[in-house]
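Participant: Protein chains in written order, with the numbering used here: chain Y, 20 to 224; chain G, 29 to 412; chain U, 1285 to 1493.
Honestly, the hints are just simulated from the structure, not real lab data.
Among the hints, erroneous ones may be present.
Straight-line alpha carbon distances no greater than 25 Å define the calculated DSS-like cross-link-like pairs of lysine-lysine that follow [claimed, not checked]: (1) U/K1290 with U/K1395; (2) U/K1376 with U/K1352; (3) G/K93 with G/K341; (4) Y/K105 with Y/K199; (5) G/K279 with G/K314; (6) Y/K104 with Y/K199; (7) U/K1406 with G/K93; (8) U/K1376 with U/K1361; (9) U/K1352 with G/K93; (10) Y/K43 with Y/K111; (11) Y/K89 with G/K276; (12) G/K341 with Y/K89; (13) Y/K94 with G/K334; (14) Y/K111 with Y/K197; (15) U/K1394 with G/K276; (16) U/K1406 with U/K1376; (17) U/K1406 with U/K1290; (18) Y/K43 with G/K218; (19) G/K314 with G/K276; (20) U/K1395 with G/K279; (21) U/K1394 with U/K1290; (22) G/K279 with U/K1394; (23) U/K1395 with G/K276; (24) U/K1395 with U/K1406; (25) G/K93 with Y/K89; (26) Y/K43 with Y/K105; (27) Y/K94 with G/K314; (28) G/K334 with Y/K89; (29) G/K341 with U/K1352.
Label pairs and their in silico Cβ distance ranges [as the list claims (entries may be wrong)]: (30) G/N90 with U/A1334: 40 to 50 Å; (31) G/A210 with U/D1462: 45 to 55 Å; (32) Y/L149 with U/H1413: 45 to 55 Å; (33) Y/E189 with G/A210: 18 to 28 Å; (34) G/A394 with U/R1446: 51 to 61 Å; (35) Y/L149 with G/G169: 43 to 53 Å; (36) Y/L149 with G/E253: 52 to 62 Å; (37) Y/K193 with G/D184: 36 to 46 Å.
Cβ coordinates follow ideal geometry from the N, Cα and C atoms, glycine included.
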Amino acid sequence: MLGEGILKGLAETARNFLGSYVGKDRLTTVQYPEERLPQIEAARNFPFLVYDGPDWQQGMRCVSCLICEKECPPKCISIEKSKDKKPDATGKPQFYPAVFNIDVSVCMSCQICVEVCPFEAIKMDVEFELSTDDRFGGLLWNKERLARSNEYYRQIHPTEAAAVDAHLAEDRAKLEAKSKAAAEAKSSATAMVSAQPASGVAAEK
Amino acid sequence: MSTATEAVRLIPKPTDSHECQLLEVSMGPQHPSTHGVFRMDVALDGERVVKLKPVFGYLHRNHEKIAETESYLGSMPYTDRLDYMCSLTSNWAYALAVEKLAGIQVPERAEYLRVITAELTRLQNHASLIGFLLQDMGASGTPLMYAFREREKILDLFEALTGARMMCNYMRFGGCRVDMPAGWLQQAQKVVDAFPRFLDEYEQLFTENEILMARTQGVGVLSGELAVNAGITGPMLRASGVNYDIRKVDKYGIYERFAFRVPLGDHGDVYDRYMLRMLEMRESVKILQQALRDIPPGPIMDPKTKIRGFRPKAGEAYGRTESPKGELGFYLISDGSSNPYRYRVRPPSLVNLTVLEGMCLGQNVADVMAILGSVDIVMGEVDR
Amino acid sequence: MLEAIKSEIEANVSGCRLEVVPNSSPSGQHSLLIDCERALAVARFLRDAAHLRFDYCSNVTGIDWPGKEIVEKEKIKKLVDGVEQEVEEVRKTQSAGHLEAVYHLYSMEKKHGPVILRMRTKNRSDQTHLPSLTPIWRSAEFQEREIFDLYGIVFDGHPDLRRILMWDGFEDHPMRRDYVEPDDYEYEPTPHDEVLEKSKQHTHGVRAR
Ligand code: SF4
Ligand code: SF4
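Next comes chain Y alone, as it looks inside the complex (with noise of 0.2 Å):
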């Protein structure tokens, strides 16, 4: 009959029309910005610097390396290394950024800033809701606006924070044996040099 397959397909409109007061599946529209989904762990937007510590200057973990801003792809970071060094989190002198701008109207998101960095300093957010009246000014970020604490960065990721610090801490672990092995060596040996003008004073005597 002609018109069958019209009416099969208007049953089909009916089923998913009457489907939507029963079955959430039916029904996926959410009422942004009143209602939000919930936040997907992995999700990245633009990048940020963490910081430890309450100081963000201070806490820093960026040393200015360059090695992000060479891999970028879109080429939208941008350095200026400082002249003097500061301590870093575990109290080592470092170099820090005197500039670190990120355009986000040119970044993309691809996060291989975050894959490239080896000191753990960078990492993706989530924000989203980043609209501004200043195309220049307000999409260029510069490092206090990137600035995030760490504490931030375990709120959005868990579960890639959890193994950053597992990682950082294990690393620090090793840093202060291997100062610590270190320190011991030297004063032992210091303790053997001085033993041994004694012995060999004895040896005079």
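On the provided structure of chain Y, position chains G and U with the ligands as indicated by the hints.
Facilitator: Below, chains G and U with the ligands alone, put in the same frame as chain Y:
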């Protein structure tokens, strides 16, 4: 050639035998049914198309030139933007070409992840393509929204795995970037299990619809012979009855492990292309069921391949995959430095448009939309 | 396999010169350099020979190989202050370079491939003609147009050789390696290297902070 501003003009009649004048219409580049900024210079004799010249380049950014200045890794996120509906298959094609160039082995788990993400991509591409096709023919909204509702579930899977919904940037030379998070496999299984029901409903909606049949059967017929000669690939080729699926022919990745069939069309018209995509989705579901069942534990990256400072030896390689649009290939020439000497994308969407004029000649102007919709193009890939 | 195909072509297409271009990468995809005069005959043979049937030309690529500088040293006799002396002279010559078109062929009927064909122009400036293979494989139509547009290889026998991606009035060939981008960097917040140099001219050296 007329410019876009003078969209319609009369052409002096070519011969005296014509009683009416030809009307030249510029369809696009902002026409809603051209799937992006694409223009067709169409000459009409009444309702009939007598000339159709596609005009490209509105989205041209010289992706290939950019890639020559980027490191090998740096081009990976750009491949997402070729066919922005199917970033994961583009990733795979590029990774495959680089792996051929440098002789890299991919661990088994990564191969499975690639198959799973690629087939999910195929599902969402075909589903939304059918939605767009029907939208172009006047079924505003409903089919497309049903397709997008399902696509959304797949994009959620992509976001949970790769971090992004469309610009996934997921594959790396020698593997994949991250492993699946906890619970992802179960979630994917749920989506895949529910998909056939959606396909049944979708088919219920259209397959026997008299209007759809009247608009598509016998329209835009493409013979198998011409399709082969014109380098048509993908669903469009198979709708013309040529059995050529690179997943079967090249058996790249681990496709030989999966049991699936290659659907073929009989008539090569728009309806066959629609139907073929429906059937292909069902085959993709089969592949997904097997892959989700069999995925082994293990590493996801080849340990010998470095992320940074990747320099393949001098040489060249052409790697190709069956992307949802057709044969997507990458041809790379290395001179031993850290960026490719030549980087070529073989875009299926562009080559598939070769026969557009031939399919449209003699058809009604309203059929042009249906024919173009059934080709399945994405301008990001056509113009590069 | 390529060697076998090569000798077969040589046996069937009279007077054609072929050369195998080896490929040292692990992909092992070697190619055949064919001469332009017999290109159409070679292509037709590859397409039509019953056991080869390369009926599908998948990919057509243009490549630019700019000329290299060749440094030659030569001793010549010269009159210096009225005395004949032997002077060493360094002569620098520029080799012409060439443009190349590469065709990747597969067979849909026999499901084998690829066979890779290459053709080279004589130089990059005035002798940039190659025969078009579009009459054999229509799939080359848009791709050859693209090469004409971006590299400037003129394909003789192409049915519709126009620019495809750039607009009609455009003059240069942007994919050539010596293409100079127009200087239109008016604002660049995070400039680098050469972009920084260029943008300095417009921002008077002031860098956005
Ligand atoms: S996410 Fe990508 S584009 Fe953005 S700053 Fe990082 S490397 Fe650059
Ligand atoms: S963010 Fe990381 S890669 Fe970039 S400069 Fe800082 S330490 Fe280096």
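Participant: Give me the numbers of the hints this structure contradicts, sorted from smallest to largest.
Facilitator: 10, 11, 24, 26, 27, 34 and 35
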